[in-house]
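Asker: Assembly of the complex is requested from the two constituent chains, each provided in isolation within its own frame, with the hints serving as guidance.
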Amino acid sequence: MLVIKHLALSYAPEKSVLEDVNLELEQGNIHGLVGLNGSGKTSLLNCLCGGIAYQQGHVHFNNNLLKKEDVIFLETNNYFYPNITGREYFRLFEALQPSFALADWNDLFELPLDEFIENYSTGMKKKLALMSVLSFSSPIMILDEPFNGVDMETVQLMKIIIGKLKASGRTILITSHILESLVSICDTISYLNNKQIQRTFNPQEYANIELELFDLTNKQNEERIDRLIKPE
Amino acid sequence: MKRNRLQHVAVSFLNIRLLQTGRILNEIGIIRILILLVFGLPLLAIMANLFFAVPWLAVGFVIFSIASLQLHRKDRQFLKTYFSPYAKAIYHIEYQVLGLPALLLLLVAKHPLHAGVLVVGLSLIPYLDIQFSGFRSGFRRLHFLPATAFEQKSGPRESYLMLLCLMFLGALLAKLIYVPLIGIFLLNIVLVTNQIICETNLMINVFSWSPRKFLMHKFQHQLTLALVLCLPMNISFLLFHGSHWYILLAVNIIGIVIQCLAICFKYAFYTPGTTLTGNKLLLGLAAGCFLIVFLAPIPFVMLVSYYIKAQKNLKRYLYVSH
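Top to bottom, those sequences are chains A and B.
In this text, residue positions in the first sequence follow our numbering: the first is 1, and each later residue adds one.
In this text, residue positions in the second sequence follow our numbering: the first is 1001, and each later residue adds one.
Errors might be hidden in some of the hints.
What the hints assert, rightly or not - Here are the computed lysine-lysine pairs in the PhoX-like style, where the Cα-Cα straight-line distance is at most 20 Å:
id	chain 1	residue 1	chain 2	residue 2
1	B	K1213	A	K68
2	A	K67	B	K1312
3	A	K230	A	K219
4	B	K1309	B	K1280
5	B	K1074	B	K1280
6	B	K1309	B	K1213
7	A	K68	B	K1315
8	B	K1315	B	K1213
9	A	K125	A	K159
10	A	K67	A	K5
11	B	K1110	B	K1088
12	A	K195	A	K15
13	B	K1213	B	K1312
14	A	K67	B	K1315
15	B	K1312	A	K68
To be verified - Label pairs and their calculated CB-CB ranges:
id	chain 1	residue 1	chain 2	residue 2	range
16	A	I160	B	R1005	56 to 62 Å
17	A	S137	B	L1034	34 to 40 Å
18	A	Q55	B	P1297	37 to 43 Å
Read the hints as simulated data drawn from the structure, not as lab findings.
Note that beta-carbon positions come from the ideal geometry of N, C-alpha and C, so glycine has one too.
Chain B extracted, bound-state conformation (with noise of 0.2 Å):
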């Protein structure tokens, strides 16, 4: 009785993520994928190089971004409910699921002892179960932001955690050259993750600006607030590595694309109160360009071909007669 339970469970719970998985895979569409895949590819080579050279680094990278995943799904009730008393169960498979690409590396590697703190890591994970508002009401008083930096507020509530661990590893760990530049590049990326949720009508109609004014605002503070996150690293590599500097000019120039690059997407789709999920590929392509090298100038030919986009669309919201 209590197998043939466990594998209804199972077999339901399966369903369900390849049900999802095929839904994700078809809205992409197969060009994408294909696209997805070549801009990945070099992405996975620095992961992988990432395992053999420091694996004490791949190891936390990978342990801090499944347990980040663990603290952000928004199905632990569904499961809670529904797939009770296995969900634990179903996030120790999941987890290990996951991080079986990275415990196959550190075994071809021969860093046995590294694999075995990543699958204790791992199954460590489910039983995290913090109440962020508790967390997130110490992030309540954000006064010394300008009024009109509500983005700016809202973005650092919801991945502080994510930005804190970035901000204190890459300034911490600042004499391997390339974790403050890792860092800084996760850290823009991250602080644009809110970028893809619009604000309401009401929330650009009180600007009454043109949008030319209204887009050079939003850069204003984006920029402020993700220059401000990135100073530790940027100082630490600076007292590290001065003669590189170059290099750290090139990484803040690529993450001050970045930022701009999300607020111009956002506002040449606007629609009100919707979230553009699809800016994340767009976003996520843009930010593989810079991985390889003759493509890096494509985000910045996207940039101007969106702010423009985002202009006219604007023209709509703001004030202009109809």
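This is chain A alone, in the form it adopts within the complex (with noise of 0.2 Å):
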């Protein structure tokens, strides 16, 4: 189990990105962590998997504090880098990780291996960190926004190769702005506001997701948009 206890992050004094987030995710399971934009979600994803340290709390798992190779983070931006072909990018992943079978995954994904990376398409550079977090076997995986861009045969994809990392006993975790495509294959939904996890939704509650967190923000939305567009 990955637990996370009293967790506090701050950039600058008086400048709080997170305070006291308490979550608990079972090992083997599906996660899924939504939040409005700047809410604290890749932050929160940072402090996980050690790029950023944060002041207070710990996070441990299995009992044992949280190490650098637990975690594998696929992060939201698709940045790599410049002038390298895919094929020279998996060969890093292949040459440290041997038993990572590139050609199959490439089976599978149907990348242009020997084109720059810079020539790629978003959806294209989305499956190939995919592929290159796919290539760790840390038990713990964080997704961030990893439909991001990607067409939707390619979110089909992803959802069943998730699933079987569940199958295999992976933790993995999730952030999506697409509430539909989490509902479907997480086993809790976290919901992060006001700099801590306000509340943790299982599969019975899903209906009432949407309702629960956006009814208020909505009709006053709705008010506001009346305001501006009138009818004619």
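Answerer: Here it is as structure tokens:
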């Protein structure tokens, strides 16, 4: 089990991003994390993968302090090193993770590996990043907006892969702005708001999740929009 | 009407360039500008001597540098779109302004023919419009380089034109003692230009090594590439000036320090997926120290200091519990 206790993060004094974040994630499950833009989702994920040092709290995995090698993180931005081809990018992973079967994975994703990566489309870059994440055998996989910019067919493919990873015992934490994509695969969905985890939903509660989270703001916004768009 | 439009274009363009210059100067800061001036003066003195001693080489160097700028400039599409039909005229003016100090130096040195060639050469540069993707594709197959040497594949693909010219000119003109020496120094500077680009977190994670082993691996790849590319110039120098081997050794050591420093700077400030533009200045200052004898030990001290900093920063991205 991955346990986050009283985690607090601030980038500068009086500029806290996360305060007293508590979350328990069952091993071998898929967990969703939702929140508005700027709510601190990516900062929380960065704390878990060690990219940012948090000021308070602790994170345990199976009763031990979380280690770097426990986590692999697919970042939301598709940044790649310039002037290298997809094949060269993967050769790096193949060389250091010999069990990674590049050719077999690429049969699924069908990427033009001999092209320079900067010529890839957004979706291709996302696939490329996902494939490199799959070369790691870390027990915790963090996927920040994995469905951004990919076509419907690839979304389905990714969902199957994520399901299989769950079956193999991996703990997966996913963020997405598209609630529907999380509802169909997640075992729990947590809502991050006001620097804290406000609530964690179970599958039985998914039907009302949107209503509960956004009912009030939707009503307020609707009134504002009504004032802006008047019937002719 | 046409005159009004031309005036408008000129004012808009000057505004953009002034804003850009202001921002760059603001980013650098007064103290750093003063330090740069102190370091830059000896370099300028060397350059000025070059104009008096070997004017053809100086003309070639200026034309080549500005041509390289034309081929690599990233605002070509912007100028073509928003300043049409004056884009080429803007290039002409910019390049002649950039070449003006060189032109004046040539005239002062009483080399009017060279000055004329410079003006003509600069006038032709705006018509250079080579598509780089085709050339770069020729460098696609670098499979003989190790899988982990991605920087050594990326860097030469970006600046192959400059590297090839330096290698050939340095080796061919080795009879002039300072040409291969300057060539080796410049080649080392060109080779580290891509060491300001930070790879993704995953490309670091995958190593799962200690920071020390990781840095040693990076040094080994970069130094091997630098030494291989400098080999023709080293051999040519020894053929013509074998008795001055110690100067060559010193320049090669400077090159090695510059390569290692660039790697240490990169990983000392490493942030996944960013370009560390500030490192250019830091590296420029370190390289500048070698031009003033009593400042030459500073880069060695910086190397030790930033090696420790790089190790410390890398601990966050390599395998340590947090």
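Asker: Would you check the hint for K125 of chain A and K159 of chain A, treating anything up to 20 Å between C-alpha atoms as holding?
Answerer: 17 Å, holds
Asker: Please verify whether K230 of chain A and K219 of chain A have alpha carbons no more than 20 Å apart.
Answerer: Holds. K230 of chain A to K219 of chain A sits at ~17 Å (cutoff 20 Å).
Asker: With the threshold set at 20 Å, check whether the alpha-carbon distance from K1312 of chain B to K68 of chain A stays at or below it.
Answerer: 15 Å, holds
Asker: Does K67 of chain A pair with K1315 of chain B here, judged by a C-alpha cut-off of 20 Å?
Answerer: 12 Å, holds
Asker: K195 of chain A and K15 of chain A: Cα distance at most 20 Å?
Answerer: Given pair K195 of chain A, K15 of chain A holds - Cα atoms ~11 Å apart, limit 20 Å.
Asker: Are the Cα positions of K1309 of chain B and K1213 of chain B separated by 20 Å at most?
Answerer: It holds: about 15 Å lies between the C-alpha atoms, which stays within 20 Å.
Asker: With a cut-off of 20 Å on the C-alpha distance, tell me whether K1074 of chain B and K1280 of chain B pass.
Answerer: 18 Å, holds
Asker: Between S137 of chain A and L1034 of chain B, does the beta-carbon spacing fit 34 to 40 Å?
Answerer: 53 Å, violated
Asker: Take the C-alpha atoms of K1315 of chain B and K1213 of chain B, compute the straight-line distance between them, and say whether it is at most 20 Å.
Answerer: Satisfied, since the Cα-Cα distance of roughly 12 Å is no more than 20 Å.
Asker: K1213 of chain B and K1312 of chain B: Cα distance at most 20 Å?
Answerer: 13 Å, holds
Asker: Would the pair K67 of chain A and K5 of chain A pass a check requiring their Cα atoms to be no farther apart than 20 Å?
Answerer: 16 Å, holds
Asker: Between K1110 of chain B and K1088 of chain B, is the straight-line Cα distance small enough, at 20 Å or below?
Answerer: 31 Å, violated
Checked against the numbered hints given earlier, the structure breaks hints 11 and 17 and satisfies all the rest.
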